[in-house]
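Following the hints, position chain R against chain Z.
Residues per chain are reported as follows:
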Amino acid sequence: KNEVEQSPQNLTAQEGEFITINCSYSVGISALHWLQQHPGGGIVSLFMLSSGKKKHGRLIATINIQEKHSSLHITASHPRDSAVYICAVRGNAGGTSYGKLTFGQGTILTVHP
Amino acid sequence: DGGITQSPKYLFRKEGQNVTLSCEQNLNHDAMYWYRQDPGQGLRLIYYSQIVNDFQKGDIAEGYSVSREKKESFPLTVTSAQKNPTAFYLCASSIGLLRTSGNNEQFFGPGTRLTVL
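Protein chains in written order, with my numbering: chain Z, 7 to 119; chain R, 640 to 756.
This is chain Z alone, in the form it adopts within the complex:
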């Protein structure tokens, strides 16, 4: 079992729909990142969070540390939101201060007009 699991792997939506992408992890973490990968391959960071909830525009990210689960929500989805969304956790393993990132396999989102 992967340390970071995302669901669904593929998601198709109609413009305007509310979208949720889930991320579950099985290791102790110090932070969780949500990333967006454009069709050309470039990756940008959307959120970094260690507790609670963050909002940026139509994007909302939440994390529940006790349940080891995070969600990324997109409100009023638009075709330009079509991309791969990647969850990554920053480890907090003892013995090193290096917070290595472990990545989920990504969720491919397609929003149709």
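Think of the hints as simulated: they come from the structure by calculation, not from any bench. Be careful, since some hints might not be right.
Here are a few chain Z residues that face chain R, going by a calculated C-beta distance under 10 Å [unchecked claim]:
| id | residue |
| --- | --- |
| 1 | N8 |
| 2 | Q12 |
| 3 | P14 |
| 4 | F24 |
| 5 | S36 |
| 6 | H39 |
| 7 | Q43 |
| 8 | V50 |
| 9 | A94 |
| 10 | N98 |
| 11 | S103 |
| 12 | L107 |
| 13 | T108 |
| 14 | F109 |
| 15 | G110 |
| 16 | Q111 |
Everything numeric in this text was worked out from a predicted model, so none of it was measured. The beta carbon of each residue, even a glycine, is placed where N, CA and C say it ideally should be.
Same frame as chain Z, but now just chain R:
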């Protein structure tokens, strides 16, 4: 503009040849990283460098080599020993090495898609 550049975007090589992927950043970041991305899998760490003249193996370093002679540059060589070199390679950097505590983030380059024929 500050950022990370990787060149070329697409690279084709014959089996058995070594190939070097370029990564340059002008963000004045100390730490740099190389990741490999395969379809249906998460990014995997190949090598990382905390500072000039220092680098460490990641999770899948076999068949790869790196150098860090300059702060701005972290080239990755895919050697003939790498059994499945065809993949998408991403370079990243951060102000300092990502720590278990701290708020710094990684910035990613546009990637290089390597195809070995």
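Exercise for the section: Give me the numbers of the hints this structure contradicts, sorted from smallest to largest. Expected result: 3, 4
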